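Could you build the full structure based on these sequences and the hints that come with them?
So the protein sequences, as listed, match chains A and B.
Position in the first sequence (from 1) plus 16 gives the number in the working numbering.
Position in the second sequence (from 1) plus 16 gives the number in the working numbering.
Since the hints were made in silico from the structure, they are not lab data.
Do not take every clue at face value.
[What the hints assert, rightly or not] To spell it out: a stretch of chain B is covered by chain A in this simulated footprint if at least three of its residues, at any positions, have a beta carbon under 8 Å from a beta carbon of chain A; those stretches are:
1) 85-93
2) 187-198
3) 209-217
Note that the coordinates shown come from a computational prediction; the quantities given were computed from them, not determined experimentally.
Ideal placement from N, C-alpha and C gives every residue a C-beta, glycine not left out.
There are 2 protein chains.
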Amino acid sequence: MKTAGETRSERKNRDIIEAATASFLSGGYDGTSMEEIATRAGVSKQTVYKHFSDKETLFGEVVLSTATQANDIVESVTTLLSESNFINGGLQQLARRLMAILMNDEILKLRRLIIANADRMPQLGRSWYEKGFERMMASMASCFQKLTSRGLLQTADPDLAASHFFGMLLWIPMNEAMFTGNSNRRSQAELERHADVTVEVFLVTYGVRSK
Amino acid sequence: MKTAGETRSERKNRDIIEAATASFLSGGYDGTSMEEIATRAGVSKQTVYKHFSDKETLFGEVVLSTATQANDIVESVTTLLSESNFINGGLQQLARRLMAILMNDEILKLRRLIIANADRMPQLGRSWYEKGFERMMASMASCFQKLTSRGLLQTADPDLAASHFFGMLLWIPMNEAMFTGNSNRRSQAELERHADVTVEVFLVTYGVRSK
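Shown next, in the form of C-alpha cells:
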C-alpha cells in the first residue's frame, strides 16, 4: 500500500539521519563515510544514496534536523512564558532551560563541526544560522514582545533585547565550551547560577521600572 | 657573539611563527606540513624542528602569539579609556575597536581552527581561552572597575559586567561569522551601528543614574 510504503520510507529517512548524526559527531565530517552511516542505520549504501544524494546533503539534513529539534523545545518554552504571569521566576526558568538545551553535548559537538567547515560549506553554516540560531532569537523576541505588550517587560526593540539576552547568558559558557572541548565543562549548578544572575541584570535594563 | 646569536635565533623564531600562521590559516591544521612552513619561512625543516618540537607545539605558539597581539591592542585601548573622561563616547569608541579587532579575518579563521580541534587538542583551546579570551575579559573588567571608582560607571561586579558587555556586543556578529564563513560578512558600518546601540543599552544598566 502506498501509505505503508511512504511510512517505511520516512522511517528509513529518520533512521539514516539518526545514524548520520551519531557518525558525524563521533568521527567528524571528513572521518565519516556513507558506508559507515549505512551500516549504523542497518540499510544498504544504495538506500542511503537513494535518500540523500551525497555526504554534504546528508550532513545538511543532520544540521537542519538538530536545529529544528532544539528550536521546537525553545519555542514551547517561550510560548509558555509568554502566557505566564511570573515574569521574574519564569524568565529564570527559561534562562536555565536555554542553558541546558544549548550547552548539551551533542549541540556543542555539532556547532564545532559546522564552524570547522564554515569556509568550505558556507551554505550549510548559513542554514544552521538562519534555521537554528536566528529562529531561536525570533522566538525569544516574540516572547519579549508579548510580555512587553502585557506590561510585564519594557523592550522597545525586542530583537535587540533577545540578542542581548542570549549574549549575556551564553558568551562565557559557550565560548569556553567551544574552545576547550566537551570534557571538564562547568557544572550544571554553576551554569544555573550564571543564568540567575544574568536574568537579574537583564531585568534592570528591560524590566518594568517601579514608579 | 652570544647576543647577536640570540637575536638571529629570535628573528628566526618569529619568521617561523609568521609562516606557520599563514600556512595554518590557509590550509587548516591537518592540511599543513612542517615542510611547507619551513619553505614559507625560508629556513630548513631541521631549523623548524630545532625551534618547535612538533606541529602541535608550533600551532600552540601561533595561537598564543595571536592571542597576545590582540590582547596588547585591547589593553592599550582599555587603559586609555580608564584614564579618559569621555565615558559615553569613549565606550562607543572602545566597542567599535573591539569589534574591529575581534571580527578581523585572521582572528575569525584562527578561532574556527581552534574550535575545530577543541576535542582533539583541549590544552590548546584552554590556552587560547585563558590567555586570549579571559585576559581580554580581565582588561575590560579592570577598566570598568577604574571607571566605577571614578564615579563614571556603576558596576558592582566588573567581571560580570565585562562578560555582559562582550556578549551583548558580539553574540550576533561573532556567531554569524563563525557559522557562515568569512565571505559575505556584515559591513563595517553595520557592525559600528550595532556597537553604538549596544553601548546605549549597556549604559542603561551600568551607567551612573541621574538623581
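* Return the numbers of the hints above that this structure violates; sort them in rising order. => 1
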